[in-house]
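K.L.:
Construct the entire structure; sequences and hints are all you get.
Each chain, letter by letter, is given below.
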Amino acid sequence: MKANECKGIFVFTEIQDHEKILDGALELLSKGRELASKLNEKLYAVVFGLNVEQYLPKIESFGPDVIIHNKETKDPQTLKHYNCEIFPDMWEELIKKYLPSIVLFPATEAGTDLSARLAQRFATGLTAHCSDLEIDDLEDYGTNLLIMKRPAFSGNLSASIICPDKRPQMATIQQGVFKQQPVENPQKPEYIAIECKHQLEKLRIVNVESPTRYQRECVPLERSNLIVAGGRGMGSKGNFEKLFNLANLIDAEVGATRVPVFNEWCDQERMIGQTGKVVKPDLYINFGISGQIQHTTSIRESKRIISINTDPKAKINDISDYIINEDAVSFIEALIKRIQQEKKQFCEK
Amino acid sequence: MLKIIVCIKQVPNTDNVQFDWKKGALVRKGIENITNPDGLHAIEQALAIKEQYESHITAITMGPPQAEETLREAYALGVDNCVLITDKRFAGSDTYITSKILHKAIKHLGNFDIVITGFETLDGGTSQVSYQLAEFFDIPHFTQVDRLEISGTSVIIQRLYGHEYQKVKTDLPMLIAVKKELNSVRHARLIDIKVSFDKKITILNMEDIGGSAEEYGFSASPTKTLEGEVVRHKRKQERFEGTSVEKIEKLVGKLKKYGIIKY
Ligand SMILES: Cc1cc2nc3c(=O)[nH]c(=O)nc-3n(C[C@H](O)[C@H](O)[C@H](O)COP(=O)(O)OP(=O)(O)OC[C@H]3O[C@@H](n4cnc5c(N)ncnc54)[C@H](O)[C@@H]3O)c2cc1C
Ligand SMILES: Nc1ncnc2c1ncn2[C@@H]1O[C@H](COP(=O)(O)O)[C@@H](O)[C@H]1O
Chain A
1 MKANECKGIF
11 VFTEIQDHEK
21 ILDGALELLS
31 KGRELASKLN
41 EKLYAVVFGL
51 NVEQYLPKIE
61 SFGPDVIIHN
71 KETKDPQTLK
81 HYNCEIFPDM
91 WEELIKKYLP
101 SIVLFPATEA
111 GTDLSARLAQ
121 RFATGLTAHC
131 SDLEIDDLED
141 YGTNLLIMKR
151 PAFSGNLSAS
161 IICPDKRPQM
171 ATIQQGVFKQ
181 QPVENPQKPE
191 YIAIECKHQL
201 EKLRIVNVES
211 PTRYQRECVP
221 LERSNLIVAG
231 GRGMGSKGNF
241 EKLFNLANLI
251 DAEVGATRVP
261 VFNEWCDQER
271 MIGQTGKVVK
281 PDLYINFGIS
291 GQIQHTTSIR
301 ESKRIISINT
311 DPKAKINDIS
321 DYIINEDAVS
331 FIEALIKRIQ
341 QEKKQFCEK
Chain B
1001 MLKIIVCIKQ
1011 VPNTDNVQFD
1021 WKKGALVRKG
1031 IENITNPDGL
1041 HAIEQALAIK
1051 EQYESHITAI
1061 TMGPPQAEET
1071 LREAYALGVD
1081 NCVLITDKRF
1091 AGSDTYITSK
1101 ILHKAIKHLG
1111 NFDIVITGFE
1121 TLDGGTSQVS
1131 YQLAEFFDIP
1141 HFTQVDRLEI
1151 SGTSVIIQRL
1161 YGHEYQKVKT
1171 DLPMLIAVKK
1181 ELNSVRHARL
1191 IDIKVSFDKK
1201 ITILNMEDIG
1211 GSAEEYGFSA
1221 SPTKTLEGEV
1231 VRHKRKQERF
1241 EGTSVEKIEK
1251 LVGKLKKYGI
1261 IKY
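Chains A and B are the protein sequences, given in the same order.
Residues in the first sequence are numbered consecutively from 1, following the working numbering.
Residues in the second sequence are numbered consecutively from 1001, following the working numbering.
It is worth saying that the hints were derived from the structure and are not from the lab.
One-sided and incomplete, this derived list gives chain B residues near chain A with beta-carbon spacing under 10 Å: (1) Phe-1142; (2) Ile-1156; (3) Met-1174; (4) Ser-1244.
All C-beta atoms in this analysis are idealised placements derived from N, C-alpha and C, irrespective of residue type, glycine included.
P.N.:
This is the structure in structure tokens:
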């Protein structure tokens, strides 16, 4: 698709667990609203689901100009969950018809699947895990371009990625990067209801048994006010466990960089960073973390940061309020003892 | 006989990458290159299938000539054939163009039953290539596959999809993208690294897969990366001085002040 014939922003308004609108999608509607107003173009919320009507009032409050949703399907299972053989086809048709210039997706399992497939179908670019989005003119490339920021390499570098010629310009964004901002007195949007032509039993991938629900371990790091996090500096799985002891004592959540997750010291759900979670606690205490940008982009909104590291020049110090130059393991052991002792004294009193 | 293609990639071990501020570039010297971890799990998945069903496994990678190292590792792990897709005109390809090149190269190699990729890479981390490759071939794509049973051209797969555990049926050919968590794949032993050095690696370049220079590499890639900018953080950066014990006391003091230790 050519740049000069495309206008408007589509947001993949993902429904989570067929019961609520994903927070990350509401955040993207907010950012989308801001960008659309700046471009003076329309914001489209595109939402597919079971009993989709129930979500529309909430979506309206985020001020889209247009809401595109499905009509109810004969088989209620058809659009109940994201389906990789149905959603991309419906989206492809919509994009061909309405020619949006920008399409934004939450960086979820469904968002990753949908965005990558659409980028291939339209032979266009897709930038994953963005940490910021802006609209700008660039001398060598054109006007009103979507500037997609994302951590670059290592160190404290952020790269800007653009998709100057192809359309739509597409990006995935981690939950928590933008704020949810409902608009005051939103206007009544235009509604477009579309038919789902697919039938589950005619797909290439069919269920042979009824599926069972899988309860993923849920670590509410995004909503936690107090996080103790560890990195490679914790040294081993056994040492990493000490973070859980400390967390128990002070009622905190445990977070990690990519290194402990790769080393299987802790679960994937605890990873904080560009490809993990975005956190905003009141206090972020970290042990043995170097502070590479892929990690720090996702902790920078923390109110206070305390860092324990043997390297007096660690990059994490730049983003820290308090810097403690100590061995992480012996320090955490001593700290745990100290707090236990304090609690004991208090109980004895 | 099942024909399996495994896509692997050599990546810099980014955890140790340094940035040269004066030169404004990555310090490439001294960085070890490794096989992308998901790629090893992909090979492992292929070997597991081969143990059950008669198969022929080809490992392919697109990259600079030194990416041969990663294919030697694949040989040592037990794949049957290795293909290096390398051409200066491919340099700077983004995920879309990478998928396009992999697609053409695999087509050049003939029919296949299963393509296995990693889910993401350490350096790019986009997780786009597997989906895009499946789209190029127009074949079913699966992640988080726990178990699979093949009979003829029909496959039954147990997988995790969203928040459901599913048992589904499909037809070959198909693509599986492997990530490390759910596939409890064992790591194969490095059977014999020495032998791997005597094995043949097929080289494919642009002439082999077809197309013209304008279709590949940096210039053809829809996304462009602009110069990086330094992100600066403004924080108090107060250092705790004194002995370890004094530092603990000071920290406990702060924790009390912020209401974290309260009684
Ligand atoms: C595309 C991409 C996406 C990525 N996504 C993420 C992400 O989402 N999250 C993430 O965290 N990373 C991510 N990374 C990786 C990131 O670049 C870093 O490699 C990673 O954050 C480093 O983790 P670390 O600080 O634990 O380890 P290191 O960088 O190795 O640092 C270890 C630190 O521990 C200190 N130390 C060592 N021993 C001790 C001790 N005894 N006591 C105290 N301190 C000690 C060292 O001085 C050092 O500062 C990504 C990278 C890429 C390329
Ligand atoms: N240059 C490449 N050569 C071969 N396979 C690749 C290449 N780039 C990506 N892949 C495959 O695609 C997967 C996902 O990569 P990515 O989309 O870059 O995160 C990897 O795990 C590989 O299996």
